[in-house]
Structure formats: C-alpha cells, structure tokens
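Enquirer: Next come the chains, spelled out residue by residue.
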Amino acid sequence: MKLLLLGLALIWSAVVAAEPPAGQNEGLQWLQRVTAAVQKLNYSGTFVYRNGAHSETSRIVHLAGDGRQSEKLEVLDGSPREVIRSNGEVRCYLPEKHLVIVEQRSVHRSFPALLPMSLARLAENYQVRLEGGERVAGFDSRIVRLEPRDAWRYGHRFWIDTASGLLLKAEIFDAQGQALESMAFTELRLGLPMDRAAVEPSFAVGGKDWQVRSARLRDLRDDAQWLFRAELPGFHRRASMRRSTGKHGEEVDTLHWVFSDDLVALSVFISPLRQPASAGDGEVGSMGALSVMKRVLDGHEVVVMGDVPPESVRHFATGIAVRSK
Amino acid sequence: MKSESNAMAGAAVSALFDDELEPQTAQVALAAVAEALSERETWRTYACIGDALRGEPRPEADLTAGVMARLTAEPVVLAPRALAGRPARQPWLALAASLAGVAVVGWLALAGKPPESPLAGRLPTGSPPAATLAAQDAVPPAPTLAAAAPAAIEADMSEYLLAHQAQAPTLSLDQSTKQIRTVAMRVVQP
Chain A
0 MKLLLLGLAL
10 IWSAVVAAEP
20 PAGQNEGLQW
30 LQRVTAAVQK
40 LNYSGTFVYR
50 NGAHSETSRI
60 VHLAGDGRQS
70 EKLEVLDGSP
80 REVIRSNGEV
90 RCYLPEKHLV
100 IVEQRSVHRS
110 FPALLPMSLA
120 RLAENYQVRL
130 EGGERVAGFD
140 SRIVRLEPRD
150 AWRYGHRFWI
160 DTASGLLLKA
170 EIFDAQGQAL
180 ESMAFTELRL
190 GLPMDRAAVE
200 PSFAVGGKDW
210 QVRSARLRDL
220 RDDAQWLFRA
230 ELPGFHRRAS
240 MRRSTGKHGE
250 EVDTLHWVFS
260 DDLVALSVFI
270 SPLRQPASAG
280 DGEVGSMGAL
290 SVMKRVLDGH
300 EVVVMGDVPP
310 ESVRHFATGI
320 AVRSK
Chain B
0 MKSESNAMAG
10 AAVSALFDDE
20 LEPQTAQVAL
30 AAVAEALSER
40 ETWRTYACIG
50 DALRGEPRPE
60 ADLTAGVMAR
70 LTAEPVVLAP
80 RALAGRPARQ
90 PWLALAASLA
100 GVAVVGWLAL
110 AGKPPESPLA
120 GRLPTGSPPA
130 ATLAAQDAVP
140 PAPTLAAAAP
150 AAIEADMSEY
160 LLAHQAQAPT
170 LSLDQSTKQI
180 RTVAMRVVQP
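Each protein sequence line maps, in turn, to chains A and B.
For the first sequence, the positions run 0 to 324 when numbering that gives the first Met the number 0 is used.
For the second sequence, the positions run 0 to 189 when numbering that gives the first Met the number 0 is used.
I should point out that these hints are in silico values taken from the structure, not numbers from a laboratory.
Each residue gets a CB set at the ideal place from its N, CA and C atoms; glycine is no exception.
Any given hint could be a false lead.
[Unchecked claim] Coverage of chain A stretches by chain B, computed from C-beta distances (three or more under 8 Å per stretch; other residues unrestricted):
id, stretch
1, 21–30
2, 43–55
3, 133–139
4, 191–201
5, 282–296
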C-alpha cells in the first residue's frame, strides 16, 4: 500500500514537473533563435562590457555569411587589445605584454554552440520566463530571464532582438538580483558585406618580443587518477582534454575538464606544481561573475574557475582528490 | 553494536586530543575520523571541548565544516608542533582599479611559502606527533623553485580563462565578446 502511494506520488510529481510554467517554452524558443542568428548573420557594432564599477568599450565585427564564422574584437579603452576568431581558433592579442594566447578548435565538435538538446535541459536548473521588452542600441528586444532554481548558480538575463534573434545584451546577476557583469551593444549594424580584411588582426606578430602561447589539445582518456567527489547539482562532465604547452621553457601537460549545467561552465585545470605554493592556496577570488580557486594537491596546482558563485567553486574544488594507489 | 563502536571511536578521538595515544594508534584513530561522518562530528565536538577547556577562542564556526571536508578530500600531514600560527588571511584574488579602468584581478603569490595544512593553527598544541592520515604517504615538501614572475602567473591565468570560455557551451553575444574578460583580466601583486 505504501509503495502504491509512493508510486502515485511520484507519478503526480512527474506530471506536475512536466507542465511547463507559462513563458518557459517561449523563452527557450527565443534562446534557440539566438544560437541560430549568430551562425548566419553578419554584423558590426560597439559594445560595452561592465564588471562592477569597471567598464570597457569594444568594437566587434562578426562575419558568418559564408558558413564560417569570423570575428574581430578590438578594445577601444586602455591598451589596444584584440580578440580574433577564425576557423574555430581564438587568438587574444595583448600587445602591452607582447603576448598572444591561442586556443585551438575544440577537440569536441559540439562546442561551443548551445544545442537545442541542452536548451531543453536548461529548465531543470533555471526557471525560464519572458520579462517583457526593452530597446537596446535602437533595436526592440524581448527579455528572457533565467532564474536559478538553487544557490549553486547565478541568474541570467538576455535581451534578444525581436527581428533578427541576435543577442543585444546579456547580464549575470546574483541572489540579490544585483548585476555582476554585463555586455551590451550600444551601436549595431546588421548585414555587412563580406570583407575578410575587417576580421584580420591589427598586429603583425613576429620578432622575438612576442610570446605565443598555444596549447596542443588531445582527448584525455585516462583521468582516473583524479576524483571529483563534490558534485554541483545539474553540472555534468562535458569534456576532458590534455593541454600541452611550452610553458616556462619546458613542455608542461595541463589536464582540463569542463563541467556544465548547459548554460555556464566550470573548468578544472590540473598541472604539475611549477612554483611555490602561494599564500592564496585555498582562497576563492572573483572577477565579475567568474570565481576562481587555487589549491595545491599532491604536488599539483589545481585551478577551478567557473561562472558560478564563489561557494560553488569552493565546494567543487574542495572535493577534488587523488585516487589512492 | 554500532553505538558501542562509536563510543570507542569517541574515546580514541578524545585520547588523541589529549596526546595520550601512541603514534601507531593515533594513525588508526585519525583514519577512523576521516571515515565516518559521526566521527567527524565527534572530532568537532572534542575540538570544541578542548578549546573551551584551554580557554582558546574558537575559529569561525563555519570553518570547521570546510576543514573537515578537506580532511576527507586530501591527505594531510598532521604535524602540529611544526605549524606556527596561520598568518592573517589575505585575499589572493581581488578586484582593484587600474589606471585604464580595466577589470583587475589580483593574485597574491608569495615566494618560498610551504603548502599549509588546512588544520594549521586549529589543532590543539597537545596533539600527537606527526601522523599521516589517509592512504597517501605525505604532502610533498615545499618546492624550492623560484617564484614565478607575476607576468607568468598572469599569462597562465589568461590562458586558463581563454580555454575555459572557448571550450564551454555558453550563450553569449558571440564567441569573441565573452573573451573580453580574457583581455580585460589583470593579475597584480598587491
């Protein structure tokens, strides 16, 4: 009898859970449009990145018309930094430091596009709803709000162009509803002619002054040595790779795992300890919505970073252990 | 039966705190502590009692849970006599303003500092001599390499952030805009 009642209760709760709240499906459809829009539109514009009291203005050109996506982002404030993306490779130019950091095409094909499948799973961790509209950079937008279902993650708001589906503004907010970080177009032009020169880097990287940091990525198959004992609800392992870099004049292998709740990610980097443990070992730091924690574990440096509250990073990082031999 | 073994473990933990156990026995008791949640509670309770008896101020209550979680998460060398008082906690990553108005991440990296046991400064002075907890042999000795230059740490962090964002399935304005963080990040030594 008890079992029967329990069974009925389970069925009832499943029925209740299956009933999507008003606006959820519509909200998810809007997010779906964002993914599609960025894959087919050409645009250029100016956008502002805000992080607490700091803000930076950048210029962006995005070309996607020929099936390939290329982008150029130039920071207009401070030192003239650039982000170039072409053929799935992302390059960050930091001229002040004479440094170029290159991230190659992911070994995993599904990244970085947000897939329809994962969109459907979003509702498990976030309450998705529409929040009316607003004008952003001269475009009418719909606002989709993703309220976290627990305290392990932050909330998100997306302003989506009603005509094209392009994301005009994105904001991450904390439990108090306070914006931690935002990115918004202040000026936007859609439908550019295909001009490859517009997405070329402004810097000629050559000579001995420039340091190029580029990792060779390989699938990580044998990672049984490391245990992730503290789970973050809703976060699943999405990728694991081995990054080989010529850091500090020597080949160094860094292991990289990506966990995600289908909206944000949490990364774990484990590399052999190359420097004395810092006083910050075990402290959690943050920059906008990004939380980072560093630990020293069994002769390795463990760095956990994610777009989640500091407590989540601390919880996850503390649960990392070495498997007993 | 279960409560009886709990009581025995409790007595062992109590003796451990009073420095009444042989190193061999202490090791067994410590392993037991790491095993079971009830023992962890016992440990905390006895630590509280010990502190109260010695008139020592308790560290912040919420730290205890974190410390106990770490106890199970990693091998820890318990060598209380070698552990001096923990220096004041300093944030290693904090926001600060730069002249350019760029988001700045401060990473405090001090040279030559040995890795600290999370129990440092929280163990009563009368604890047993060095005993190893968990299956691992020991935490490796403090590396003697020269401290990496802040620029190198910064480059490491930028590389990690770039990789984190590039390999993650995130909804953003587009791929490049989320990398604004990578080029906006600054690591400074306060």
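Enquirer: Look at each hint and say if it fits the structure.
Expert: Each hint tested on the structure:
no., hint, in the structure
1, 21–30, "violated (count 1)"
2, 43–55, "holds (count 8)"
3, 133–139, "violated (count 0)"
4, 191–201, "violated (count 0)"
5, 282–296, "holds (count 11)"
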